[in-house]
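Participant: Given these sequences and hints, build the entire structure.
Line by line, the protein sequences are chains S and F.
Just so we're aligned: 109 in the working numbering is position 129 of the first sequence, and the numbers increase by one with no gaps anywhere.
Position in the second sequence (first residue = 1) + 370 = the working numbering.
Hints are computed from structural coordinates only; laboratory data are not their basis.
Cβ atoms here follow ideal geometry from the backbone N, Cα and C, with glycine treated the same way.
Treat the hints with care, since some could be wrong.
To be verified - Covered by chain F, according to a simulated footprint, are these stretches of chain S (three or more residues, beta-carbon under 8 Å): (1) 37 to 45; (2) 139 to 148; (3) 164 to 176.
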Amino acid sequence: MLGIIITVLLMIIVATVGRSHFNAPQKFGLDVVGKGQYVVTRIMGGVTNIWSSYIALWGVRHENKLLRTELDKSILSNQEYREAMAENIRLHKLLGFKDSLKVPTITTQIIGRDPSLWFHTLTIDRGTSDGIEKGMPVVTVEGVVGQILETSRTTSKVLLAHDQNSAVNALIQKNRVQGIMKGRGSQDYRLQYILKNADVASGDIIVTSGLGGSFPKGIPIGTVSKVTKSKRGMFQNIEARPTVNFSQLEYLIVILKQNSLVD
Amino acid sequence: MPCAPFIILGTGLLILQTSLFPSFPGWFSQLDPLFVLIVFIAIHIDIIRGAVLTIYFGMLTDILTGIYSGLHPIVYLALLLVIKGLSRPLVLSESPHQIPLVVSSYLFTSCFIYIITSALAPETELLWSWPALFIRFFMLALITTACFRFYSFSMNTFNPKNALQILIKPKHGNRFRT
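Facilitator: This is how it looks when you write it as structure tokens:
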């Protein structure tokens, strides 16, 4: 039996040697093996693909994390840069304005705001130890902010000019007509005691008059927004918009005086 | 319940209200958790300690806000007395009453401030604005429940009786059972 098998195999080997084409058994074997190879290759390919994708995903995830961190840092540094630029411009303006004032001044920062619905005050980071006293005027580059209401050693409370309890001696820049700028509690003023025969129109600039010795002369307070003349009374009803945006205040200048304004 | 934890809490809240909250966007800058604390004190603390606390908070508020010294202690004390008077016939400590109570208390306080300042300085009339008031009411209503829970939690935590109970709390189970 073994001799028969060996003989058949030798016959097949001899028959295939030197042929350029596969015979039927070879083709069948190739088909079968090929199918198996195909299946294994597909499985291996799938596994390899999944593995490489997983590894790649891991890498991408890690890279994404790194890039996000870098992006956050960049955004933060960009914001800081912008903020520093804005602060630099603001302080530059403030310094220029401070230098232009002939009276001694001190720069302060706002540390607190009045949460009340009824009053408009601020707390600043300078007090009596810095020479601040009650009644001193508080200004900024844009104009009048208010005046010192209370002081402690290291902090002070500022009454804003648009509070109902605030009043500043003022004049209309173009014709030097004098009046009193009163706060209304809202975001605007009322210029009082301007006679009906005075020439006042919307857009006129109102500045401090220097009377009373509290504020230096010529600091902007507001711009006339509405003028009405009622039939009764001697005076015009004049509304004005502040030159200062009270909601965007950060740094302020307190104008120091040699003598106390309020005793 | 000792006053010290409430004093610390209220002081912290006022500092936040005057420094941090104004930087919040829109209506959130008008959050007033200190006012809710005052109403909470008026409901849950006895009248003597409540008066001490409300006067203290009023004085502190006077320092940081407003221009008339003594205005807020009077207003808060009046509020305390009104709430104490009302809490006898009504069950104000129940949670459904919290928001209406806080809102109506704010309206009462606003009216009181308006009347007093008008009497003190008739030439400087305060600007009464219903829209601004309604925004305040809304913001108060929004935070009242959360604030009341937090203040209750604080009150229970810092209550010496509770602290003592925690310290001398017996261990579970019968250790002598064989």
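Participant: All hints are to be evaluated individually against the structure, with a verdict given for each.
Facilitator: Structure-based check of all given hints:
1. 37 to 45: violated (count 0)
2. 139 to 148: Since 4 is at least three, the answer is holds.
3. 164 to 176: As far as the stretch 164 to 176 of chain S goes, the hint holds, because 3 residues have Cβ atoms under 8 Å from chain F.
Violated hint: 1 only; the structure is consistent with all others.
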